[in-house]
Amino acid sequence: MKRHLVSAADLTRDDALLILDTAEEMAQVSSRAVKKLPTLRGRTVVNLFFEDSTRTRTSFEIAEKRLSADVVNFSAKGSSVSKGESLKDTALTLQAMGADAVVIRHGASGAPLRLAQSDWLHGSVINAGDGTHEHPTQALLDAFTMRRHLNPGAGRDLAGRRVTIVGDILHSRVARSNVLLLSTLGAEVTLVAPPTLVPIGVESWPCEVSYDLDAVLAKTDALMMLRVQRERMNAAFFPTEREYSRRYGLDGIRMAALPGHAIVMHPGPMVRGMEITADVADSPRCTVVEQVANGVSVRMAVLYLLLGGATPADGAPAGPTAAADAPAGPTAADAPAAPAAEESTP
Amino acid sequence: MTTHLIRNARILGGDPQDVLIADGVVREVGTGLGGADTETDATGLVLLPGLVDLHTHLREPGREDAETVLTGTRAAARGGYTAVHAMANTFPVADTAGVVEQVWRLGRASGYCDVQPVGAVTVGLEGKQLAELGAMHDSAAGVRVFSDDGKCVDDAVIMRRALEYVKAFDGVVAQHAQEPRLTEGAQMNEGAVSGELGLGGWPAVAEEAIIARDVLLAAHVGSRLHVCHVSTAGSVEIIRWAKAKGWDVTAEVTPHHLLLTDELVRSYDPVYKVNPPLRTAADVAALREALADGTIDAVATDHAPHPAEDKDCEWAVAAMGMVGLETALSVVQHTMVDTGLLDWAGVADRMSFRPARIGRLAGHGRPVSPGEPANLVLVDPAYRGTVTPESFATRSRNTPYRGLELPGRVRATFLRGVPTVVDGEPVAPEAVAGGAA
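For the record, the sequence lines run as chains B and D.
With the working numbering applied, the first sequence covers 120 to 465.
With the working numbering applied, the second sequence covers 247 to 683.
One should not assume that every hint holds.
Just a few of them, taken from the derived set where beta-carbon distance is under 10 Å, the chain B residues facing chain D [claimed, not checked]:
| # | residue |
| --- | --- |
| 1 | Gln236 |
| 2 | Leu299 |
| 3 | Ser302 |
| 4 | Gly305 |
| 5 | Thr309 |
| 6 | Pro313 |
| 7 | Ser329 |
Since the hints were made in silico from the structure, they are not lab data.
Ideal placement from N, C-alpha and C gives every residue a C-beta, glycine not left out.
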């Protein structure tokens, strides 16, 4: 696996499965009374957030703390140049302070890649969402959630599973990362949106595109609803909020058209009444809360694999071959502690 | 009176001949000439008329941290240029006789290269009210090319009036074709790459729609239109159509649009951020073909220096533009000559004769023959070298070609007989200062 996680395209199928399988084991840690591993003890992880994002930052922070990393939250709202210190100087500062990894959220597409490719910073760079580009850990937690429901078991992928992503594809980093990762894992992805919210050039993406939500519901195993900002209608992406809801929103009637096993997902935050109605959001088929919990496990796995000594010789958590078929049974629970074997976890 | 002999030069790529320069003009062209005070052995070198750039940002006044007239003209001379058109988007904007005269005088003082200021079309480049075009023309700077470059004259009525108004003094409006509403938040070419990278798209149609409108307006009022930095295959088609109609439309292309594509943006390295943006390989091919067949009249650098901090940052906040004066000829040799699309006479036409005619520069873009001003450049086409920005004469380093091997090198440049570049490097400022005119 690469040293950085900037794009879902950085992950091979094996990388992705290793992360998902590791995350299953991390999930076990989170279910214990003492939710902590010594793996990243003495390592410093900086959460560098140029945009407000309480949920993503908190998720990373919990993941880091459960791995015993020293966590620093660095909020730098606003862009460089116009508002004070540049990205470069911020990065040089963090480097001088000895950051082993930087989790970056930035409003400018490409900012994490700039950090990763510059010589400003030597630690790992983890993209926590950049502009309208990518959000790879979100895609990983989504894939993790889908696998648990649709093809549970370590080492398994999403081959043949049909995923429909609905909403503002044009401005969505979640959609971009999901298309890349899900196709790597063998899923068949269909994007659904009004044509105004589909990017030019989407033909080259490994997915299908439909403008008709009702036409694809029956052929969907996982339906992911994306947030649609009301302000988009001011730029004529769609005429009114109500028309958007009627054509692309998910209500109970549409949900009933899904196959019985299908799940409804949302990366949050939801705009209830816009892309999703309250009865759907609160239904048992909706995995929103589960996705949040899975986010911590997946981020623990990413941090562990990027920073924790991912070589098998260190006794890294079981790879795809060794792992049990059942979704994370209690037997595998202690495996992630192996790299720091001198200290047994309670 | 000192005389200088250039021996065995391949004029416009032809057979070797000697060129005798005296009093700033070409005195004699032939073989076996002699009796000069000094000599340059030009065996193996190609002699071209001094290059003329229709599109240079010299940044002075206002952004002397990026470039000054002195550093910019040194860079121009090093690139083989003897005349550059200085764009109007300075601080203050070159929208009055005072500012264009200031720039013109700074060029005279530099002496490396003639500086022909471009005047703004509208006050403050705001596209609302015509600047005093007549006053700029009547000034010492003698402005004939007007442009709001950096911004498009998007109001159809203002554009029409400007085209009409400059007819009174044989002026030309050089349009930066960019429909503003279609390019709000634009960061790169809109296409497959922008979709993947999540960067705001700058669609080809935003350029093409303005060019289509402008050629129709120019035809309607019977005026001259020049289209800046054409970047798309569709634009080429519209210009080809307008020329076929017999309309007085000219166009330029930048070296970077002849070589680079939007695939480079995948690095998110702002050194590739430029306006108009890098387009696709199909566009590059169409631009080369159009330059070869004359649909596009000229290569213009759009030399746009920026200080390091304006590029050493996130893509979205980085400044747009690339330096180009010192690499233009090499890129043209690489993309047009070495590919067989143009010969050296064609290069002289597209980089000297035609741009000088478009700008109505009397002393530039002239044939290498007796009695003509000795604005000349000696090029070594056999040279191969790696682009090293640290060696540039420009004050800025924002070149997209760092580390790239390119052919050709300017060995010497003469401005009215005075060497401004010797052995590839600009001469000392004192040697040219004050103007040779």
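Here is what the structure says about each hint:
About 7 Å separates the beta-carbon of Gln236(B) from the nearest beta-carbon of chain D, less than 10 Å, and the hint is met. With a cut of 10 Å, the hint placing Leu299(B) at the interface with chain D holds, because the nearest CB-to-CB distance is about 9 Å. The beta carbon of Ser302(B) is not positioned within 10 Å of any beta carbon in chain D (closest approach about 13 Å), and the interface hint is therefore violated. A cut of 10 Å between beta carbons decides the hint on Gly305(B): the least distance to chain D is about 20 Å, and the hint is violated.
Hint status for Thr309(B) relative to chain D: violated, with the closest Cβ pair at about 17 Å, above 10 Å. With its C-beta approaching chain D no nearer than about 16 Å, Pro313(B) sits outside the 10 Å limit, and its interface hint is violated. Because the smallest distance between the Cβ of Ser329(B) and any Cβ of chain D comes to about 17 Å, over 10 Å, the interface hint for this residue is violated.
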